[in-house]
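> Here are the chains, one letter per residue:
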Amino acid sequence: MSDLNINQKVSEMLQRSEANAQQDEKTFVRPEDELREVVAPDGSIIKINPLYDYYSGERPQEDKPKNAIVEKFLNWARSESIWVLGFGTGCGSIEIPPLVTPRYDMFRFGVQMRATPRQSNAFIISGYLSVKTLKRVIRSYEQMPSPKYVIALGSCTINGGMYYDSYSTINRLDKYLPVDVYIAGCMPRPEALLAGFGELKRLIKEGKGEKANEYARNFDEYKANQKKIIKDWNMPDYNW
Amino acid sequence: MINSFLGFKPDRSLYPKTNAEGKLEIDLSSHQYTKLWLGPNHPGVTGNMAMELTLNGDEIVEGKTHVGYLHRGFEKLIERRLFVQGFPTSIRMCVAEPDTNEYLIAACTEELSGYDKQVPEMAKWLRMLSLEMARLQGLLRGVPGQAGTFSLGIGVQWGTYLRDLILDRFEELTGARVYHMYIIPGGVRGLLPDGFKDRMEDNLKEIDQFIIKIRKLIFNNAVFKTRAVGLGVITPKMVDQYGIVGTNARAAGVKRDVRKDNPYLFYDLLDFDPPTATEGDVYARTWVRWQELIQTVDLIRQIMAKMPEKGEIRAQMPNVLNWRIPQGETYVKLESGRGEYGLYYVTDGSDKPRRVNLRGPSYTHGIALLEDMLVNTNIADVHALMVSLQVCPPEIER
Amino acid sequence: MEHARLQLVNKLFNDRPKSYKYNLFQMKLLIDRLTQHYNLTDYKQQRHNLAFVTVDKQLSPDIITHLRDYEGFSHFVLLSCVDWIEDDKLQLTYLLNQPNHKYEIGVRVLIDRKNPEMVSLHKMWKQIWTYQRELHEAFGIIFPGSPRLEENFVLEGWTEKPHMLRDFDTKEYAERTYFPRPGRTSNDPATYMREKLYPNQPVTAKTNKND
Amino acid sequence: MNIKDIFTPFTVWSSVLKDPVTIKNPIGREAAPRYRGFHYNDINACIGCGTCEAICENQAIDLVPVEGIVTKSGDSGLRPMVDYGRCCWCALCVDICTTASLRLTNAYTWVDTDPDNFRFIPGVDKKDWDEVQLGWRKPEPNYSFYGLHRQHMGELHAEDRKSSFIEFVQGYSKEQAQQEADRCVSCGICVATCPAHMGIPEYIKAIRNDDMEEGMRILYETNPLPEICGRICTHKCEDVCSIGHHGDPLSIRWLKRYIADQIPTDVNTYQDILGTGNLAKNGKKIAIVGSGPSGLSAAHYLALLGYSITVFEKLPAAGGMMRYGIPEYRLPYDQIDKDINYIASLGVEFKYNITVGKDITLDQLSKDFDAVFSGTGLHLGRSTRIPGSDNENVYQSVDLLRDIVTGKPVPVMPKVVVIGGGNVAMDITRSMARLQMEKYGKVDVLATSLEDEDFMPADREEIVEAREEGCTIVPGYGPQEVVLENGKLKGLKVWKCLSIFDENKAFNPKFDSAQERIFEADMVIESIGQGMDLSYLTEEIKSKIEFNNRGRIVVDADYQAKGLPWLFVGGDIIEGPDVIHGIANGHRAAMGIDRFLNG
Amino acid sequence: MSIYYKLGYTLLGLLIVLNWGMLMSAIFRKIVARVGGRYGIPYYQPWIDLIKNLGIRTTLSHGIMFYLGPVFRFTGAVGLFLFMPVLFGNEAWANFSFQGDLVLILYFQLFGMLGMALGAGEGGHPHSAIGISRGLAQHAAIELPMTMGIIALAIQYQTLSISDIVAAQQGSVLNWSIFTNPIAGVTILLAALGAMGHSPFNLVKAPNEIPIGPPTEYHSTFLGILMSSGAILHVMEAVLFMNLLFGGASNWFEMILKTFLIYFYSVFVGVVYPRFRIEQSVAWFFKIPLLLGIIAILMYSF
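Line order of the protein sequences matches chains A, B, C, D and E. Numbering-wise (the working numbering), the first sequence opens with residue 1 and increments by one. Numbering-wise (the working numbering), the second sequence opens with residue 241 and increments by one. Numbering-wise (the working numbering), the third sequence opens with residue 639 and increments by one. Numbering-wise (the working numbering), the fourth sequence opens with residue 850 and increments by one. Numbering-wise (the working numbering), the fifth sequence opens with residue 1449 and increments by one.
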């Protein structure tokens, strides 16, 4: 590769990064996420922009239910098979182990834990969310396939809870993610959580579990709110 | 094992070189290394913590822990709250054993305001009971949980069930399942309900059986031994170098227990001897914790036998809304299930604390020690190590 | 039963003073030895097994090394910082534990709040760099040479002043950033009652207009 | 690895045949009896004091007005609204609740889709758990967040105090005052109840901070007679004190006295503390008729505003009823002088022994001065008008009390009966007891009132102390006749009183003539209330102003008489009778005068 | 029998096997739950999960191999079924078994794993990559002793046809290979522990370490396919061991009973042991089963 080409590439890269910087001044990029060139084993040079190469660049689309009867049947199946993402975001997650163990045994009700967001339908936000976790929560949530549901536990998700004046935790979850069901308590007992799953099942069966579409519809608004508080937004807008 | 069996020496030629400063030179673009993030969204990591691992094959060449996902700024928030308001806030610093935080806040404020001599006897016994119950429920999760990290789930199922029974007792005694908010500055918030001791005794009998079952299941298990023996060794020399406390130190043969060394409450009235081991590996730590489980059951029995039937539960304190504490500073510690757990408390004469700093055992176990222990272990053992050190992330970042 | 309990309690109060006196005696000896070499101020015996001293910033590494190597304070407990904003000082507290005699000493070092810098002790104990990293983030203290000092510890993308300083107002920041749920108003009983019961009366008293 | 390690673990399979330990129906399972679940508030018992709001570390509680609950004395009309987006269920609000109305039930299941629903007023908004009785309640008295018991104030023993007119209540020491002040929860229920709206929580806070000068400044914002008020105020604030619902109410009066007592008797110190050293004059002149609490209060605040004040007093010293109606053992004269001297030091001119209407007319005052404030008080005794009450040995308490002060000879007889159950009746009862002690060496005074003991208008401690001093108090009897024998007073015939008010709430006592008693007496003192003397008002003035159906002058909110803009009226003749109403009237009238003159 | 009948029977058999596989997994999850003292999922849960997964709206792909991975796996499972005689002595249920099908079956066992490897690699998730590399390593370690054992049986019966091996075991229980050739039987059974994917040899999917291994990125319909192929695979592997060691089955009831018991055996072990690390499990397979396999071959070679 001639020097000219390299110079050209470098100037292109510079332009791209400047364009990014102009888009959002607050954005700062970690060293490993910066534009870089990698030498492949065969000697060719591969240009990598980690933030845009590794992810989908599409906006989320609304998935409208199509056939009413089929959808009703599927909703029944969805309500009876809720797979919960095993992401303990806050202290409420201490009440998850009792649920999957003999005393409360939520498997009876078709609720199971799942380790990866790709296979999960329900996200339990177990209490307070620090901004640092919120960033990961957004990514996990966006990776979950639609239809997906969010269960918010405790006071912290409703209005900040006892951390209302903390510089680190958000106050209102519904500003950043669409929430299906709130369960009161600090933290809610496992029984209340099971009641929350019951309510979620009812909502899904009635066809009201369409918050994923709401997220897609109001995508710009949610994104604006998220970006307002996540100061180092070093991830792409679309995480699908 | 395969290497030792086939007589191979591990091939270190691919390993990164250390430079003059003692740091590893890792060039990620050299295709030799993989960056792997374990957590925060990871079902195996206790709490909500991330480990940034650089891998060479299955082996870790560099590990960094990242905390702060559960950061709520307690120490800042408590500076804004009255002394009595600080206690519901502070107990959420560690969800695994919240009672320890309650006791520390109460003990610090009492000591600095000079009310520590006036705490009634009954309240002290009840404080001890709730602290030991908290240790018991922690161990009921922790001991089988260690096998759970190697995917032996049955013990976890039983243990969590029994922990739930203890939580039921907590609920009767304190009015809440997890965040009990029971030990209040000056005393405690309630007497034992009627028939509590009988129900507790029933639960303890079940736990006795569980202890035997768990020995057969875990400690006499060939595969568990294969995995745990020799993993994550802490030598006695490391104990002071890293500030290792609690069961982790005791499993390495260094007998340190705040209950014995600096007795608080009525611990010097109880008959017990903290268990120790010498190997210092994951197996030894689990073994020590299992023996501690036996001991805690015994301690609860002793406390229930020795405590008075009734009595005053709270000293007459100043009006909580107007309570001011003169300027001073103190450090109060106790032995939690994870080790020495202390609170550095500074007051400035106003009705709010000036500075509160929690020193949880995880602070050293979870960062400095864990990061150094991760090197040269297999990724499959990462979170077994983490659990065996009993790392509780919320207590690191608070 | 009751009798046995009383016996136990008596035993407690008879036995305890022994260890109290032992600890106090040992601590007194220690302080005597230390004062021969160093200039200690503000000595305070907080408890029979806990004392605090203030030492000069320049001498503090020496004293801590001395305590570790010659006095057996081998267990490092805690490094903390207190913001005395009124005096324009930051107080660093190094808390050390002597495992044999089972007592603790807190070494206070006052540093300038405007220019907070302190010698890094990360070579003395392996966990100290964590404390120093946290204090750098929380109070903005610089420990030259401490590993990974500039890395994020608990916060990410933090652009405000260090969050544990007294003049950082967390409530104001939270309200500005995280918008609490609107629609809440509260009333002060005293003012509300006065407005309700005596709607026509002036609320506040007037004093001399010339003041 | 040994063979045992391979086979022992299989023992766990023994549990496969056991029944699962799972709870069959976990949803809605009942929690422990003491569980801290959702809030319930007994809104009838709640007084809206807001201590729950004060202690909540999460700011989860708001005090909001509730439809159907009226603000009244001792009840703010506000009720706590809980935000479950904030609550952490610590139940500190329950533990501190002064009325024990707030509690947590053991219900715990609340699932909702709308986050705004989690804000509710317990006890008002209907919830499923309202009927649940179990749950966390305010613990028993030996566990309390504030001191339940009042600091006992040192006082002379009954035997000692009944033999002299020395002040028998000794005042708080610093420790006592601070401990008493520590009990205050700063709710502010007392503030609106106090007629003068004194900043009670603030000055109690000053005591806690041991900042007497600040306390003094707070006192003088609304009350220029703290020494007097600190001794003899009827303390309506203490009646409504929120912590009085469970425990003794705070001794607000004694705390006020404590502050005033700490400042030396020196007008210069007062002026330094209050910053009233050199007041600028605005050149306007105000006349004040009567130097009772309302007159003094008006004089003080007007003086602060720069007016030149002249006070006309018909008696030889200032103070009105405070000096001439209240016995010395309750209110020593030097303490009255302390307050009055300070007011005088602000440039207020006192003209004694001048009776308005006789020595100078009101019209004259209206011409000489820019405005006139009249607080002439109730100085006429009221008679029962029962047969025989015109006997020479039947006296009026007001007259007797005044005579005791002015040093006139007071008739003291071995057996005395007092008619009346108010504070004045107690004053004369106890004064007579002291005079009897002086003269005869023993006490034989009997006081009788229409009301039952529980409804006697006198302060509780007055009755108790009177009994301690040897007086007999017989409540519940109505006087029917003064028994005369040969024109000489023999006793008082009374009938049992069945009811005092009729269906229309009008004063119309009913008696049971069967239960008749005769109290032997050489002397009967009537103390059933006082009347006002408005003779100083000329007919012309009377025709301009209005009177209401109780014969009182109609005034507006500024205490300006309707029809005569220059005349302001206050004190007992408008509201009361008590000292704190007088002070409040005077203060407000002063503000009114200022508004009237300066727009 | 015409090819159309044959196809019909095959489809029917596939349906039976699929449903039996799902029911069996539900039963075993309930049994494991019982050991832990709880009730566990309802029996119909796997079907609902399957329907739910097919009803997921989002399907996003990471590339062509990401699509093909589950398809390969399903092909592997169906291939196992196609060339395996399910019931002995019944032409309709013998499927397309032929002389030498034993070799094909061994190939199809690997086929699914390779498909997953390709798909998971395309998925790009590091957990998938680590999981699949572990899976391949372990699979190689399992395959070796298992092949040894199977070759020992082939030598014993002098055939590479499963039907022939089953036929040779008829008559009496004592004719079953497990009794006639215990060393090869034990070898295969020990290797079967690994093949069935339970503890202590399930590091591939370890949810505690690399959640959840190769299928991390798979969701919706892909996951549905993986689930159903897993159900078929589980049954068919049990059928293979049944045919090789336990005399096959002559009717559906016998087949269900035997596969249940064979599967139970792996669960029985799996519940009480934690899992090995990958190099430990490889070493274990190279130690005991491999030695036994070599012995078994040597015994019949001479």
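Take these hints with a grain of salt, some might be off.
As the list claims (entries may be wrong) - Simulated restraints, written as ranges between beta carbons of each label pair: (1) C/Phe817 / D/Asp1303: 48 to 56 Å; (2) E/Leu1562 / B/Thr475: 39 to 47 Å; (3) D/Asp961 / A/Gly207: 13 to 21 Å; (4) D/Asp977 / B/Val469: 54 to 62 Å; (5) E/Leu1459 / C/Phe817: 57 to 65 Å; (6) B/Lys500 / D/Asp977: 46 to 54 Å; (7) A/Glu206 / C/Phe817: 28 to 36 Å; (8) C/Arg822 / D/Glu1317: 49 to 57 Å; (9) A/Glu206 / E/Asn1467: 48 to 56 Å; (10) D/Asp977 / B/Glu552: 36 to 44 Å; (11) A/Lys208 / E/Leu1709: 43 to 51 Å; (12) D/Asp1121 / C/Tyr681: 38 to 46 Å; (13) C/Leu667 / B/Thr475: 26 to 34 Å; (14) D/Asp977 / A/Lys208: 21 to 29 Å.
No lab work stands behind these hints, which were simulated from the structure alone. Since the structure is predicted, the reported quantities are computational estimates derived from the model, not experimental observations. Every residue gets a Cβ at the ideal spot worked out from N, C-alpha and C, and that includes glycine.
> Determine for every hint whether it applies to the structure shown.
Taking the hints in turn, this is what the structure says about them:
A hinted range of 48 to 56 Å for the beta carbons of C/Phe817 and D/Asp1303 is consistent with their spacing of about 55 Å. The beta-carbon spacing between E/Leu1562 and B/Thr475, approximately 45 Å, falls within the hinted interval of 39 to 47 Å. Take D/Asp961 and A/Gly207: their Cβ atoms lie about 19 Å apart, and the range 13 to 21 Å holds. For D/Asp977 paired with B/Val469, a C-beta distance near 55 Å keeps the hint of 54 to 62 Å intact.
A hinted range of 57 to 65 Å for the beta carbons of E/Leu1459 and C/Phe817 is consistent with their spacing of about 60 Å. At about 50 Å, the beta-carbon gap between B/Lys500 and D/Asp977 stays in the expected band of 46 to 54 Å. Here the CB-CB span from A/Glu206 to C/Phe817 is close to 31 Å, well matched to the stated 28 to 36 Å. Taking the beta carbon of each, C/Arg822 and D/Glu1317 are about 52 Å apart, inside 49 to 57 Å as hinted.
With their beta carbons about 30 Å apart, A/Glu206 and E/Asn1467 fall outside the hinted range of 48 to 56 Å. For D/Asp977 and B/Glu552, the Cβ-Cβ distance of about 37 Å falls inside the hinted range of 36 to 44 Å, so the restraint holds. Between A/Lys208 and E/Leu1709, the C-beta spacing of about 46 Å keeps the proposed range 43 to 51 Å intact. A hinted range of 38 to 46 Å holds for the C-beta pair D/Asp1121 and C/Tyr681, which are about 41 Å apart.
Separated by about 31 Å at the C-beta atoms, C/Leu667 and B/Thr475 satisfy the suggested range of 26 to 34 Å. The beta-carbon spacing between D/Asp977 and A/Lys208, approximately 22 Å, falls within the hinted interval of 21 to 29 Å.
Of the numbered hints given earlier, the model fails hint 9 alone.
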